[in-house]
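Build the full structure now, drawing on both the sequences and the hints.
From first to last, the protein sequence lines stand for chains W and E.
Okay, so the first sequence: first residue is 3 according to the working numbering, each after it adds one.
Okay, so the second sequence: first residue is 22 according to the working numbering, each after it adds one.
No lab work stands behind these hints, which were simulated from the structure alone.
Just so you know, these numbers come straight off a predicted model, no measurement behind them.
Don't be surprised by glycine CBs; every beta carbon is placed ideally from N, CA and C.
It is possible that some hints are incorrect.
Unchecked claim - Listing some non-contacts, in silico: residues in chain W with all C-beta distances to chain E over 10 Å:
1. Thr36
2. Glu38
3. Val40
4. Gly42
5. Ile65
6. Gly68
7. Ser70
8. Tyr71
9. Lys75
10. Gly76
11. Glu77
12. Thr94
Said to hold, decoys possible - Restricting the straight-line Cα-Cα distance to at most 30 Å, the calculated cross-link-like pairs of lysine-lysine (DSS-like) are:
13. E:Lys58 with E:Lys174
14. W:Lys75 with E:Lys90
15. W:Lys81 with E:Lys58
16. E:Lys57 with W:Lys75
17. E:Lys90 with E:Lys168
18. W:Lys81 with E:Lys57
Said to hold, decoys possible - Per the computed footprint, the stretches of chain E lying under chain W, defined by three or more beta-carbons under 8 Å from a beta-carbon of chain W, are:
19. 54 to 62
20. 79 to 88
21. 120 to 133
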Amino acid sequence: MAESESNPRLLVASVAGYVVAALFNSLLVILKETHEGVEGWLVNTFGHHWIGHGILVVLTFIIATGISYGAYKGETEEKLYGKLLAAILGATIVSVAIIALFFLAE
Amino acid sequence: MTVPGMETGVHVFTALLSGLSAVLMLGLLYSSSPNKKMVRRIAVAFAVLVWITWIAVAPVYVNEYGADKAVIKSFSETRNAHSLGMETKEHIFYTGLILSLLVPIGAYTLNLDKPGARKLMGWLAATLIIGFIVMDALGAWISLSAKLAWSMKAG
Numbered sequence: 003m004a005e006s007e008s009n010p011r012l013l014v015a016s017v018a019g020y021v022v023a024a025l026f027n028s029l030l031v032i033l034k035e036t037h038e039g040v041e042g043w044l045v046n047t048f049g050h051h052w053i054g055h056g057i058l059v060v061l062t063f064i065i066a067t068g069i070s071y072g073a074y075k076g077e078t079e080e081k082l083y084g085k086l087l088a089a090i091l092g093a094t095i096v097s098v099a100i101i102a103l104f105f106l107a108e
Numbered sequence: 022m023t024v025p026g027m028e029t030g031v032h033v034f035t036a037l038l039s040g041l042s043a044v045l046m047l048g049l050l051y052s053s054s055p056n057k058k059m060v061r062r063i064a065v066a067f068a069v070l071v072w073i074t075w076i077a078v079a080p081v082y083v084n085e086y087g088a089d090k091a092v093i094k095s096f097s098e099t100r101n102a103h104s105l106g107m108e109t110k111e112h113i114f115y116t117g118l119i120l121s122l123l124v125p126i127g128a129y130t131l132n133l134d135k136p137g138a139r140k141l142m143g144w145l146a147a148t149l150i151i152g153f154i155v156m157d158a159l160g161a162w163i164s165l166s167a168k169l170a171w172s173m174k175a176g
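Encoded structure:
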């Protein structure tokens, strides 16, 4: 890629993948903490619930990124940066807040 | 009974290196003429360090933390270090783990000559630096609580 060019297609897809994975991460926390069967399945399948949880989050990211690869429609870069930043910060805050507040409430 | 030992230091050290590399990248992005090659190399190093931080702690957490967890949870003074501290830390880490991948992807696919691109990368770095500080603080809470709990158990 020439220095002056950019090709945000992979970044756009990765941000979409991150949003899905971050939200999946927090929802899986709630699911496994409130349903013993889910945690049991993670233990039986992966050996430890935390390892299984991580593997599923990584797989979710990979799949969601792959599905989103065609999402970039050639928007102007200035418009794109703002949207990507909002998506990243929004997903991060929501994901962390759900997890922290869930365990605070427990 | 196995308790977390010196091997935990690998996790802590690589996490520290990742935090420092994120700070370095942030500084480079906002210098008067950013060295784009250096930013990209540090972006890759950063993500690799975060993933090593995860991989290095997995056997410690799976095989050794259980002993600390049992004693931490047995005292009211330290119980929250696991039920809130570790439970939050071990799960928000995965959000950060995936977020770390966006750093090298952004560094290599964006035109870092554009102020908007550098701002996006800067915010990404800043978010991860804040995440590192939060994770480090939670880790310190858990470690100190383990020490306190074991000393209370010993009488």
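Structure-based check of each hint:
no., hint, result
1, Thr36, "13 Å, holds"
2, Glu38, "16 Å, holds"
3, Val40, "14 Å, holds"
4, Gly42, "16 Å, holds"
5, Ile65, "12 Å, holds"
6, Gly68, "14 Å, holds"
7, Ser70, "13 Å, holds"
8, Tyr71, "12 Å, holds"
9, Lys75, "16 Å, holds"
10, Gly76, "14 Å, holds"
11, Glu77, "12 Å, holds"
12, Thr94, "6 Å, violated"
13, E:Lys58 with E:Lys174, "53 Å, violated"
14, W:Lys75 with E:Lys90, "49 Å, violated"
15, W:Lys81 with E:Lys58, "25 Å, holds"
16, E:Lys57 with W:Lys75, "26 Å, holds"
17, E:Lys90 with E:Lys168, "11 Å, holds"
18, W:Lys81 with E:Lys57, "22 Å, holds"
19, 54 to 62, "violated (count 1)"
20, 79 to 88, "holds (count 3)"
21, 120 to 133, "holds (count 9)"
When held up to the earlier numbered hints, the structure conflicts with 12, 13, 14, 19 and fits the remainder.
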